[in-house]
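Visitor: Protein sequences appear in the order of chains Z and F. Under my numbering, the first residue of the first sequence carries the number 1, and numbering increases by one thereafter. Under my numbering, the first residue of the second sequence carries the number 1, and numbering increases by one thereafter.
No wet-lab data here; the hints were simulated from the structure. Note that the Cβ used here is the ideal one computed from N, Cα and C, for glycine as well. Treat the hints with caution; some may be incorrect.
[As the list claims (entries may be wrong)] So these bits of chain F aren't anywhere near chain Z, every CB distance computed over 12 Å:
(1) Val-10
(2) Lys-18
(3) Lys-25
(4) Arg-35
(5) Lys-38
(6) Glu-85
(7) Asp-88
(8) Glu-90
(9) Glu-99
(10) Asp-129
(11) Lys-133
[Claimed, not checked] 27 Å max Cα-Cα, derived DSS-like pairs, lysine-lysine:
(12) Z:Lys-91 to F:Lys-115
(13) Z:Lys-115 to F:Lys-101
(14) Z:Lys-98 to F:Lys-4
(15) Z:Lys-101 to F:Lys-115
(16) F:Lys-27 to Z:Lys-27
(17) Z:Lys-91 to Z:Lys-18
(18) F:Lys-4 to Z:Lys-18
Number of protein chains: 2
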Amino acid sequence: MDTKGLHYIVEASGCDPKVLEDIDKIKEILINAARAGKMDIRSIHLYRFTPRGVSGFLIVTSSHISIHTWPENGYAAIDVYICGEEGDPEKAVQHILKEIKASYAHVTEVERGVKDEEGIYTHVIVSWDEVFKPQ
Amino acid sequence: MDTKGLHYIVEASGCDPKVLEDIDKIKEILINAARAGKMDIRSIHLYRFTPRGVSGFLIVTSSHISIHTWPENGYAAIDVYICGEEGDPEKAVQHILKEIKASYAHVTEVERGVKDEEGIYTHVIVSWDEVFKPQ
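Assemble the whole structure, with the sequences as input and the hints as a guide.
Guide: What follows is the structure in C-alpha cells.
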C-alpha cells in the first residue's frame, strides 16, 4: 500500500455547544463524514467526559477520524487522516465543520509519508483559515 | 478542561520491519508509550491489514495515540495527542521510536487549542528532524 496520506488537523471555533455535547449526534456526524470521504468504517468509539465534552474515533484501515469537543468553549479539535488516493478527506472535514456549525476553522493539511531524495519519509505542511457564514 | 493540547506528528524511517508487522508487539509498545507519557488508558484497538502492516489506536479521555505501519518500507506514521498539562507526549513518542528501532524521524509538534486575541482557536507548529544511532 502507498505510504502517502493526507492528514487534516483542524481547530474549529464558534461551534454549537448542543451538538458538541451530544454523543449520539457526534457518532452520526462521524459516520456521515466517513461516507462523504469515501472511507470504509472498521469501528467507532465514543466517550463522554466530565464535566462536558465528547471524544470520538472512527477507524479505517490505515486511516482514521478523531474529534475531541469542548462544548463550554464552542471548540472542537478534529483530525482526518486518509491513506491512499481513493478517499476524499477534505469532504469529510467539511461535513464535520458544517454539522457542528463551526463559524471559523484553522486548518493544517499535512501530506504524510512523502519519500525524499535520500529515501527518508517526511511530511509537507500547508495551513489556512476558513470563515463560515451563519447557517 | 483546558483546550490546550500537544500533538506530535511523526514520520519514522528505517524501522525494524519485524516489529512493524508484529501486532502483539505494537500493542505492548502503545501501552508502554502511554505509561511513559503519563496517560490513562481507556481502550486499545489493533488491526492487521493486507498484505502487511498494522494500525493501532490507544484512546484516552480527550487524548489519543495512533500508529499506522508499512513494514515493507520500514516506515510508520505516528500521532500522539495529549490534552492538559499532566501528560508527557514527547516521552511517549520517544518510547515508540526506540521500540520500533527508527533510524530517522521527521517530527512536527502542533500546539492545539490555542486561543488568539479575537477568541478564535488556532494552532502553532514547529518541525524538526531526529537521527538515531543504531541500537
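Visitor: If a hint holds in the structure, say so; if it doesn't, say that too.
Guide: Here is how each hint holds up against the structure:
{"no.": "1", "hint": "Val-10", "result": "9 Å, violated"}
{"no.": "2", "hint": "Lys-18", "result": "18 Å, holds"}
{"no.": "3", "hint": "Lys-25", "result": "18 Å, holds"}
{"no.": "4", "hint": "Arg-35", "result": "20 Å, holds"}
{"no.": "5", "hint": "Lys-38", "result": "17 Å, holds"}
{"no.": "6", "hint": "Glu-85", "result": "15 Å, holds"}
{"no.": "7", "hint": "Asp-88", "result": "18 Å, holds"}
{"no.": "8", "hint": "Glu-90", "result": "18 Å, holds"}
{"no.": "9", "hint": "Glu-99", "result": "18 Å, holds"}
{"no.": "10", "hint": "Asp-129", "result": "8 Å, violated"}
{"no.": "11", "hint": "Lys-133", "result": "16 Å, holds"}
{"no.": "12", "hint": "Z:Lys-91 to F:Lys-115", "result": "26 Å, holds"}
{"no.": "13", "hint": "Z:Lys-115 to F:Lys-101", "result": "19 Å, holds"}
{"no.": "14", "hint": "Z:Lys-98 to F:Lys-4", "result": "23 Å, holds"}
{"no.": "15", "hint": "Z:Lys-101 to F:Lys-115", "result": "19 Å, holds"}
{"no.": "16", "hint": "F:Lys-27 to Z:Lys-27", "result": "26 Å, holds"}
{"no.": "17", "hint": "Z:Lys-91 to Z:Lys-18", "result": "23 Å, holds"}
{"no.": "18", "hint": "F:Lys-4 to Z:Lys-18", "result": "21 Å, holds"}
Hint violations for this structure: numbers 1 and 10, all remaining hints satisfied.
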